[in-house]
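Colleague: Below are the chains, spelled out letter by letter.
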Amino acid sequence: MTDIAPTDAVYVPPAEVEDTELHDPQSFITKYIWSQDHKVIAIQYSVTALAIGMVALVLSWLIRLQLGFPETFSFIDEAAYYQFVTMHGMIMVIYLLTALFLGGFGNYLIPLMVGARDMVFPYLNMVSFWVYLLAVLVLVASFFAPGGPTGAGWTLYPPQSILSGTPGQESGIVLMLVSLVIFIVAFTMGGLNYVTTALQGRTRGMTLMRLPLSVWGIVIASILGLLAFPALFVGAIMMLFDKVLGTSFFMPTIFELGEQLEYGGGSPLLFQHLFWFFGHPEVYIVALPAFGIVSDLLATHARKSIFGYRMMVWAILAIGGLSFIVWAHHMFVSGMNPYFGFFFATTTLIIAVPTAIKVYNWVLTLWQGDIHLTLPMLFSIGFIVTFVNGGITGLFLGNVVVDVPLSDTMFVVAHFHMVMGVAPIMVVFGAIYHWYPLITGRMLDETLGKFHFWVTFLGAYLIYFPMHYLGFIGVPRRYYELGETGFIPESAASLNAFITVAALVVGFSQLVFLYNLLHSLFKGRISEQNPWKSASLEWQTPQKPPVHGNWGPSLPVVYRWAYEYSPPGTGRDYVPQNLPPDQVDAPHTSGPLPSGAGPLGTGQVAGTMEAEK
Amino acid sequence: MSLFQQVTVKPWMPVTGRVERLYSGRSFFAPQKTIALRFFFAVVTILFSLLTVSYAERMAFEVRRPLPETWLLWSNAATLIFSGIAFQWATVSARRQRLSELRRGLYVGGFFTFVFLAGQLLSWHQLQAVNTIDHRNPANAFFYMITGLHGLHLLGGLAVWGRTLGKLRQGFSPGVVPGTGSGADLTRITRSVELCTAYWHFLLIVWLALFGLLFFPGGSLPIICRAF
Chain F
0 MTDIAPTDAV YVPPAEVEDT ELHDPQSFIT KYIWSQDHKV IAIQYSVTAL AIGMVALVLS
60 WLIRLQLGFP ETFSFIDEAA YYQFVTMHGM IMVIYLLTAL FLGGFGNYLI PLMVGARDMV
120 FPYLNMVSFW VYLLAVLVLV ASFFAPGGPT GAGWTLYPPQ SILSGTPGQE SGIVLMLVSL
180 VIFIVAFTMG GLNYVTTALQ GRTRGMTLMR LPLSVWGIVI ASILGLLAFP ALFVGAIMML
240 FDKVLGTSFF MPTIFELGEQ LEYGGGSPLL FQHLFWFFGH PEVYIVALPA FGIVSDLLAT
300 HARKSIFGYR MMVWAILAIG GLSFIVWAHH MFVSGMNPYF GFFFATTTLI IAVPTAIKVY
360 NWVLTLWQGD IHLTLPMLFS IGFIVTFVNG GITGLFLGNV VVDVPLSDTM FVVAHFHMVM
420 GVAPIMVVFG AIYHWYPLIT GRMLDETLGK FHFWVTFLGA YLIYFPMHYL GFIGVPRRYY
480 ELGETGFIPE SAASLNAFIT VAALVVGFSQ LVFLYNLLHS LFKGRISEQN PWKSASLEWQ
540 TPQKPPVHGN WGPSLPVVYR WAYEYSPPGT GRDYVPQNLP PDQVDAPHTS GPLPSGAGPL
600 GTGQVAGTME AEK
Chain L
0 MSLFQQVTVK PWMPVTGRVE RLYSGRSFFA PQKTIALRFF FAVVTILFSL LTVSYAERMA
60 FEVRRPLPET WLLWSNAATL IFSGIAFQWA TVSARRQRLS ELRRGLYVGG FFTFVFLAGQ
120 LLSWHQLQAV NTIDHRNPAN AFFYMITGLH GLHLLGGLAV WGRTLGKLRQ GFSPGVVPGT
180 GSGADLTRIT RSVELCTAYW HFLLIVWLAL FGLLFFPGGS LPIICRAF
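The listed protein sequences correspond, in order, to chains F and L. Last residue of the first sequence: 612 (numbering that gives the first Met the number 0), numbering continuous. Last residue of the second sequence: 227 (numbering that gives the first Met the number 0), numbering continuous.
Think of the hints as simulated: they come from the structure by calculation, not from any bench. Glycine is no exception: its CB is placed at the ideal position from the N, C-alpha and C atoms. Misleading hints may appear alongside valid ones.
[Unchecked claim] On the chain L side, residues computed to face chain F include the following (Cβ under 8 angstroms):
hint, residue
1, 9
2, 26
3, 61
4, 71
5, 72
6, 169
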């Protein structure tokens, strides 16, 4: 087992990477339920994440109904409102976006894109999904527990989160913390798999710098998750002990209803540090896979090589590293030492540099490209615009002096929804439209898709642009009802009602998307083998959709990067990663290569590599 | 090719014609499980580092730090060291294909681990006896939490240890000449034993660090925190 190659060989022996032990499904149960196939697990992850995401969507409607039309809906009282806000936030960030990007797209794409048969640890991968499902079920159980789910806000700040008066104080908070701990265990199993597969499970010729940027984004996000989730784990365990066992890790000396509680000496700020040490990398755990995927979508649908590939990779690495030293910008108003504020504001602004490099590169990829306004491209452009908008308001909030007056206002809500809500979800949609034909063998309906895109894209701006203004005039976040507040004009109520109507319309368009997903599964147009004429490896499998083991009898051999679009001098629109160099000038076919792979195992004459010069 | 060199390649440039360009299916020479274990070490290191920082921050202004009997803690630490030595012995035996010594090493390593865990439980019991109802004292709470989490990691290791013993038994089931084992079996078992040994050594280092943190009164970390 070595990957040191003879430098003077003229014959390329078979791949020497460790082959994955595949567990062939024997029955319906091992094929679709206790499956160890990364593609099935990816779909299990995605369906579960989208299902719990639908709950979060409904919760957002209820939140907006209350904000837009206060005192109208009797079933939304103060407690229910805070519970909706909390559960909406936590579900969207952790149980939907993290799980969908890493468990869903990561699982499906990594082995296919690196040319592996499966994840390196298929059994662990399967367990990861079932533990994730358990975490989701525990979370859902809190809706039915006495007192309902926790209403502490998604940040779960103590001491308020475990004191009486906070909704869900009885058992909701306990179930939330337990669910988070279980989720982290699930993620750790999955994350180790994604990272090891990308590092050690690649096929012959797939050097690190030939990996599609999707893999880079997902893998670096997985590393961030592995290093950041322990902070949430520690915080959750300690708070669980404070709540259940009466310890005082985070609980200070405190009076409740005139009586001194048994707590004392704990540090609520310690929890905030732990939470945001996880919380800020979490932003990039969601954003980096989106960055990677959107790069691939843009290159494929603009028929142009990604601009500045190396810089894109380094920017992902730089953002990943920097994301660990910015966390306290979420705590500028916590009374920290001003020098710390200065440090964290500086590091926060520095992150804008690699991020801006990525934005420039996306735009330069489009520059003079053969832009096809397909659905993935529309959503990708939507992502760039939204991400830039959300990112620029981030520059405001990264500065202490601007952040202090804007802290805890709707401006913050608008900012983070644009930058880590709408923007990554645009990529999720674009990615689903892009890879749906690979997964199901059918195309999604384009008319419904365009309706979905325009309503979502324009609707998001109708929701969040006015919200910035609301925050700017001082409308606070997390308020059940504004009531009569001197400094807030009455027009704010009209604007809130307008936002609510826009949110309901955007929400409705998601149901159209859901219908499209289900309807096209059975009635969609049969897809071509490689409908987007993509050069990356996942489209080059012998069968569509790829079958168990992905590659047939032999693994593919990779000869180039994933962005060989419109290469000069070949007369080709694109060159698949695994097309042998001596066949590049051969008549072009859009179908997969014979056996879906290069001549692995049969040997390859080195001279053909010279032809690539 | 080093990792740095790997990420500085320009993939859009024409291939220079060397056959080795076709290789590099792996970024590191180590086997997949070893790489995964190293990443897991990073995760666990972060976990216990954060606990350490939390402990230092929380204990900065706490004076009272009740402790279980010191002799017990020292003997527990010694037990875990013996366990690590036994695992090392098992690894060396596996590499030299000394199968009876390998088996003995694994059993001894596992035995000392169980003794260690029993010792930790005893220290919990002792601590309970010295201060009965002081919920608020963070030293107690940290002691239970940190030792508990460390113990859980060891239990996870014992599960893998059990599987390795199972493989060892499987490798010498009917059909395979006792005392020899097939090459493939031995490679598989050796790798498992090596991973177990690395894990035990890692948890030993973690324990020694935690031991220093928890049981030396007036430890320096809280003092540093107090200065800020």
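Colleague: Determine for every hint whether it applies to the structure shown.
Modeller: Each hint, compared with the structure:
A cut of 8 angstroms between beta carbons decides the hint on residue 9/L: the least distance to chain F is about 6 angstroms, and the hint holds. For residue 26/L, the shortest C-beta to C-beta distance to chain F is roughly 4 angstroms, which falls under 8 angstroms, so the interface hint holds. Nearest Cβ of chain F to the Cβ of residue 61/L: about 7 angstroms, under the 8 angstroms cut. The hint holds. The interface hint given for residue 71/L is broken, as the beta carbon of that residue sits about 23 angstroms from the closest beta carbon of chain F, more than 8 angstroms.
A distance limit of 8 angstroms between C-beta atoms decides the matter here; for residue 72/L the minimum to chain F is near 21 angstroms, and the interface restraint is violated. Violation of the interface hint for residue 169/L is found here, the shortest Cβ-Cβ separation to chain F being roughly 15 angstroms, above the 8 angstroms cut-off.
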